[in-house]
Amino acid sequence: MKKVNKYNGISSKKILVILFIVFFLFLLSIALLSKEPPKGNPLMVLAEDYTQYELPSENQKIIFPQAHWPHRGFRHEWWYLTANLSTESGQRFATQWTLFRTAINDQHWYFAHAALADTTVHLAEFRDGREELGNVELINFPFTALIDDWSWRSSAQLLPAQLTYGSAKYGLAGGMADDPDFPLTNWQVNLFLADANPFYLQGVNGFSKKHPSKDIASYYYSQPFISVKGDILWQGERSSVTGTAWFDREWGSKMLAPEQKGWDWFSLRLTKDRALMIYRIRSEKNDFLYGSVMDSSGDIKILATKDIRLKSQAMVQGNYPQAFTLEVQPLGINLMIKIVNDQQVMRFGIEYFEGMVTFSGSHKGEGFVEMTGYH
1 MKKVNKYNGI
11 SSKKILVILF
21 IVFFLFLLSI
31 ALLSKEPPKG
41 NPLMVLAEDY
51 TQYELPSENQ
61 KIIFPQAHWP
71 HRGFRHEWWY
81 LTANLSTESG
91 QRFATQWTLF
101 RTAINDQHWY
111 FAHAALADTT
121 VHLAEFRDGR
131 EELGNVELIN
141 FPFTALIDDW
151 SWRSSAQLLP
161 AQLTYGSAKY
171 GLAGGMADDP
181 DFPLTNWQVN
191 LFLADANPFY
201 LQGVNGFSKK
211 HPSKDIASYY
221 YSQPFISVKG
231 DILWQGERSS
241 VTGTAWFDRE
251 WGSKMLAPEQ
261 KGWDWFSLRL
271 TKDRALMIYR
281 IRSEKNDFLY
291 GSVMDSSGDI
301 KILATKDIRL
311 KSQAMVQGNY
321 PQAFTLEVQP
331 LGINLMIKIV
341 NDQQVMRFGI
351 EYFEGMVTFS
361 GSHKGEGFVE
371 MTGYH
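Numbering-wise, UniProt numbering puts 166 at position 166 of the sequence shown, and it's gapless, one number per residue.
Bear in mind the hints are in silico, worked out from the structure with no lab data behind them. Some hints here could point you the wrong way.
Pairwise CB distance ranges, derived in the manner of DEER restraints [claimed, not checked]:
1. Asn205 x Arg347: 35 to 45 Å
2. Asn59 x Ala168: 13 to 23 Å
3. Ser89 x Lys364: 15 to 25 Å
4. Arg347 x Asp148: 33 to 43 Å
5. Ser89 x Gln162: 22 to 32 Å
6. Ala194 x Trp69: 18 to 28 Å
In this text, a Cβ means the ideal position worked out from N, Cα and C, and glycines have one as well.
All chains, please: the whole structure from these sequences, using the hints.
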């Protein structure tokens, strides 16, 4: 019997064809509407100049809960969550859920990326759509973000929340698709995110500069101390997990300068109550570094370029660094950071690495690194 989707009796195959056409038209619209379509580095879409979008201002105060809501006057924004998890038996996992919005004139396109990985295997999925197509819905309060079968459902402003995402081949009701590769390619994440406060404003009260001299910036805040619990489906087995999540929120209209080719972002938990964020924007001229140290008490210390020394080590697996040395001189932090699973590469349009790391030295722990612009 042919499988029929619940929406208007349309077959799953036809829906996939329709989604492919929509996605192709979106990519075509980027090529047609961009002043100068990016050549070589696809990240240059973040360096384009447009006059119809708002720009961040250092004088504009970030107000909650409005900061959690979509900011459609800006060209780019994202809601970003990473988490280090472990099962009752001690098996380690890393997971990512990200919702991106990009404006093309008066049209707003949403893309969601998600992944689950252990120390050797990495599985990833994506979703895309528009609110006008009926497969995307964002609600300000209680904060809700829905894209196809993935959902972030809060009972309040942003947290606490229930977060659900994964492979389309395994339904929440427990039904398995007729897939000969099952269970190796099917995965699911269901997490409860506990309430956490405050939200930490990066840069100058949330105004985050991306260049040492040019007027390029975003609004940026974080919450690195979110307790999580839930369950995952992994290689045919469902396991309970607990851990800590890191939420980042950023929006703006121009995020890079033409000479800037990518970035390395680190989220490291130095202790249970202290977290370190380091951001390096790599450039053909001079790299721009900044960061912060956040305490669970609510204190934040902003770090400048002069405070940070970051060096990449061995380059393998698509030229991504496999290790880093990091020194934050004013705080006596000296770390050796190592990639745990070199397969954690996301290849959905713009390729980037997003995965778990461990570190040792003055502190010992785990976290995440994101690397863009290498491939």
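Now for the hints, and whether the structure bears them out:
no., hint, result
1, Asn205 x Arg347: 35 to 45 Å, "holds (36 Å)"
2, Asn59 x Ala168: 13 to 23 Å, "violated (45 Å)"
3, Ser89 x Lys364: 15 to 25 Å, "holds (22 Å)"
4, Arg347 x Asp148: 33 to 43 Å, "violated (19 Å)"
5, Ser89 x Gln162: 22 to 32 Å, "holds (24 Å)"
6, Ala194 x Trp69: 18 to 28 Å, "holds (21 Å)"
In the structure shown, a violation is registered for the earlier hints numbered 2, 4, in ascending order.
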